[in-house]
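Participant: The lines below spell out each chain.
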Amino acid sequence: MTSNQLMFILFSAMIVVFSILTVTTRRILRAAAFLLMVLLSTSGLYFMLNYQFMAAVQLTLYAGGIVVLIIFSILLTSHISQKFEPVELKKSIFSALAAVAGAILCILTILDYSFSATTVAAQEVNMKLIGKSLLSVDYDGYVLPFEVISILLLAAMIAAIVVAKKGGPAKTKTPTLN
Amino acid sequence: MVNFGYTIWILILPFLMFLLLGLAGHKLKPKLSGLLGTIGLGIITALSYVTAYKYFFTSEKVDEAFQKLTAFNSVWLQLTENLHIDIGILLDPISVMMLIVVTTVSFMVHIYSIGYMHGEKGFERFFAFLSLFTFSMLGLVVATNIFQMYIFWELVGVSSYLLIGFYYTKPSAVRASKKAFIVTRFADMGFLIGILILSFNTKTFDFITLTSLSGPAITQTGGAAFMGLSVLTWSMIFVYMGGVGKSAMFPFHIWLPDAMEGPTPVSALIHAATMVVAGVYLVARMFPIYSIAAPDALEVVAYVGAFSSLLAAVIACTQTDIKRVLAYSTMSQIGYMMLALGVSGYGGHDGLGYMASMFHLFTHAMFKALLFLGAGAIIHAVHSNYMTEMGGLRKYLPITHATFLIACLTIAGVPPLSGFFSKDEILTAALHHNKLLFAVEYAVAGLTAFYMFRLYFSIFWGKERHYHHTPHEAPLTMTVPLMILAVGSVFSGFIPFSKLVTSDSRPFESHIEMAVAIPSVLIGLVGIFVAYIMYSKETAIPDKLATTFKYSYKWAYNKFYIDEVYLFVTKNIIFRYISTPIAWFDRHIVDGTMNLIALVTQLVSFRIRGFQSGQLQKYGYVFVTGAIALAIIFVYLWK
Amino acid sequence: MITGIPIHYFLILATLMFFAGVYGFLTRRNLITVLMSVELILNAVNINFMAFNRYLYPHKMEGMFFSLFVIAVAASEAAVAIAIIINIYRRFSTINVEDAHEMKY
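Chains as they are written, first to last, in the working numbering: chain A, 1 to 178; chain B, 1 to 639; chain C, 1 to 105.
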C-alpha cells in the first residue's frame, strides 16, 4: 500500500463519514461543520488529482465562502442549541431505500464498465495556462462561458439583495403557520 | 342636364341633426334642441321642394317621359363583378313626390311637436328620434337599389320602435313597441327572402336595371316554377310580404293600432303619413315587374289591399279610442292604395290605378296627418283618448274643429276636396278591372264616411261632458301646422298627377268619370247623414243597433279576435308544442351534457390536485425514485 | 499522485457522496440543511468531472473548467437560496420546508 493509496483511503473515509453525518445529525451547526469537513477532504482529493488551482478554489469559495454564508444564515434563523426532531421513520426508511438503491445501481454500472486507460502525456496545468484559456477565443478558449458566468454572478448578487431586502411588496397577508 | 348633386344633403342633414341632438341634446336647452331640429328639417324641406321643381319642370325629358336620374352613387359592398350594393340617390317621379310628402309632413310634425311635447321629459330625445326617422325614411325613398331600400326599411322600423316606446316607463307602450317591431320584423324576413331570390335570378340589386323594360327581371320571366307560379312571382310575393308588414295590411296589421301608444305627432308622421305607406311605395317602385312579369303577384296585392280596407273599415266603426279609429282608417286607406296598384296596368291610361294610388298616397298623407294632429290637439285639450268622454267640443276648439271637419270631409270624398279626386280615380280604375273589388271599395267608401263622421260628431257635437278643466285651444305652434295641412288637404287634389306621376313616367289625359264620381259622392253623403242621425245628438240608436247585431258588433269591436288568434297560435301552439320541448332539450340535454363534462372535470381535478401538495420533498422523492426506475428499466430490462 | 488508484474508486466515492446528498434532500426539514444536501450533490458531480479529466483526458482541461463553472453557479445559487430562505423566515417565522407550501393547488 503506497502512501497515495493511504491518503485516498483517508480522504474518502472522511468524505463518506462526514457526508452521512451532515445529512443525519440533529444539530444544525454541527451539520454545517461536517459539511465543511467534507469540502476540505474534497479539496484534498483535488490535490491528489494534481489540480492545485481547483483545490484552492474549493477551499476559498466553498469552505471559505459558502459555508460561512450558511453559518450566518443559520445564526439568523435558528437557535444554535436547538435540536431537530427525529425524522419520521417511514420517511427516512423510504428515502434511505431510494438512496441506497440508486447508489447500488450506479456502483454496479460503474464496476461493469471498463475505462480504457489513456497513454497521452498529461498536460501541466498551471495558473498561466488557466488564465489564458479562460480569456482565449480560440478552439480551447472559454471566454464565452466565462462571460456568461460573470453575468450570472452579477444577477445572483442583485437578486440576493432584492429578495432579502426588508419591506418587500407583499406584506398584506398575515403569516400562516400550519 | 340639371345637376342634382346637392340632394345628398337631404340625407346628410337629418343624420347630422340626429347625431347632434342624440349625442349633445341633453346639454342643450330643450327649446333650443327642438328649434334646431325644426330648422334643420325646414332646410331639408326647402331642398326637397327645389328638387321637385327642378325635376318636374326643368329636367330633360326623353320621349315625353321623366327619366330616372341617379343623383349620387357610391359602391358600398362589392360582392361580385356585377352584384354590388350601392348607397345612392335615385330621382324619379315617385321618389321626388315622396320627398315632398315626407319632408312636408315631417316639417309640420316638428313644428307641432314643439307645442305638443312641451315640458315632456326627453324632449330632445324625441327630436333626435324624429330626425333619425326622417333620415331613414328619406333614405328609403331615394334608394337606388333594393338592398339600400332594405337597410333603410329596417332603419325606419327601428325609429318607429324607438318612437312608439318613447314613454318607456309605460308598460303598454313598451309592449306596443315590441309588438310593432316583432311583427314587422317577421314580415321583413319575407322581404329579405324575396330580395335574395330576386337578385339571385337577376344578378342585380339596382332598381333602374330591375325595372327597365329590357331588364333581366322582365325579359327572363318563366324559368323554374314552384306550385304553378314562376320563381319571379314568388320572389315578388315575398317582397310584397315586407310591404304587407310595414303597411299594416292583413294579416300583419295587428301592430298598427297598438302603435298608437306613441306620442300623437309620431302617429301622425310615422303611422299615418309616411312609414306605413312604404309598402305601397315598394310595390310602386317595383311596379313594372309586378305588372308585366308577375301579374299573379299583383293580384295578391289587389286582394290583400281590398280585404284589409274592408276589414279595417268595419273595425273602425266600433272603436271608441279616437286614435285607434284613425289607425284603422289609415289601414283602410292604405288598402285602397294597394288595391289601386293591384288593378293597374302598365303604361298610358292603363296605368290609371298606379297614378291614382300615388295620388291617394299624397292626399292621404295630408289629410291623415291633419286628422292625427287634430286628434292630438283634442287629446291635449281633454286629456283622454276616448270619444265617449268627449262631446260638444266645437265651442272650445274652433281652429281644431274647422280643420278636423275639413279633413273628415276630405276623407269622405266630398268634392272638391282632394280626397274626392284621388278616391274617384281609384274607384274608376277598380271598376275597369274587377267589379267585385269595385263593389268592396264602394262599400268601404260609405263606411269611411260613416266612421269618420261618427268620430267627428261624437267629439265636436253631442252632449257636453264633464271635463277636469275647461278645454282650451292649442298653442300657435300646434294650430299653424293644422291650418297648413288643411290648405294642403283642400288644394292638393288639383295637382295634375296624371301629368307628373305615372306608371311609365309619360303623361296621359285623365278625367273625372261621372258614372263613378256621382255614386261615390252619394254614398259618402249617405254615410255622413247616417252618422249625423246617430251621433249628432245623444240618441239610443247606436246602442240599439249594437244590441240588435250583438254578435257581429262584438266581433268587430274585438277586432275580429285576430290578436287573440295570433296569441293562441303563438302561445298555445308554437310555445307549448315547439318552444317548450326545445327549451327542455336545451336545458336538460345540451346544458346537461355541458354540466356533466364540467362536473366530471371538477371531480377528477379535485382528486388529482392532491398530487400538487406543495411538499417539496415529496416531489423530490417521486423524481428520484422515477429516475432510478427509469435507469433500471434502461440499463437492465431494456437490453 | 494517483498511481495505484483506479478511476472506479473516485467514481464510487462520488456516488456515495451524491446519494448521501439525495437522502438529505429527501429527509431534512430545515431549508438550510436541504441547501447543504444540494451542495453535497454538486460536490460529488465535481469530483466526477475532475476524475474523468485526469484519468481519461489528461491533455485537456474541459472537466476542470466545467467544475470551475459549477462552483461559480453553486456559489450564486447558495447566495440566492439563502436570500429566499431569509425572506421565507421573515414571512412565516419558520424555515421548515413542509410549511412552505403556499403554492400548492
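For the record, the hints were derived by calculation from the structure and aren't laboratory data.
These numbers were taken from a predicted model, which means no experiment stands behind them.
Beta carbons: idealized from backbone N, C-alpha and C, even for Gly.
Where hints are given, some of them may not hold.
[As the list claims (entries may be wrong)] Keeping only pairs whose Cα atoms sit at most 20 Å apart, straight-line, the calculated EDC-like set for lysine to aspartate or glutamate is:
1) 618/B / 99/C
2) 27/B / 120/B
3) 128/A / 99/C
[What the hints assert, rightly or not] Simulated coverage check for chain C against chain B, where a stretch passes if three residues somewhere in it have a Cβ under 8 Å from a Cβ of chain B:
4) 19–26
5) 94–102
Participant: Run every hint past the structure and note whether it holds.
Facilitator: Consistency of the hints with the structure:
{"no.": "1", "hint": "618/B / 99/C", "in the structure": "holds (13 Å)"}
{"no.": "2", "hint": "27/B / 120/B", "in the structure": "holds (16 Å)"}
{"no.": "3", "hint": "128/A / 99/C", "in the structure": "violated (50 Å)"}
{"no.": "4", "hint": "19–26", "in the structure": "holds (count 3)"}
{"no.": "5", "hint": "94–102", "in the structure": "holds (count 5)"}
Against the hints set out earlier in the document, a violation occurs for number 3 only.
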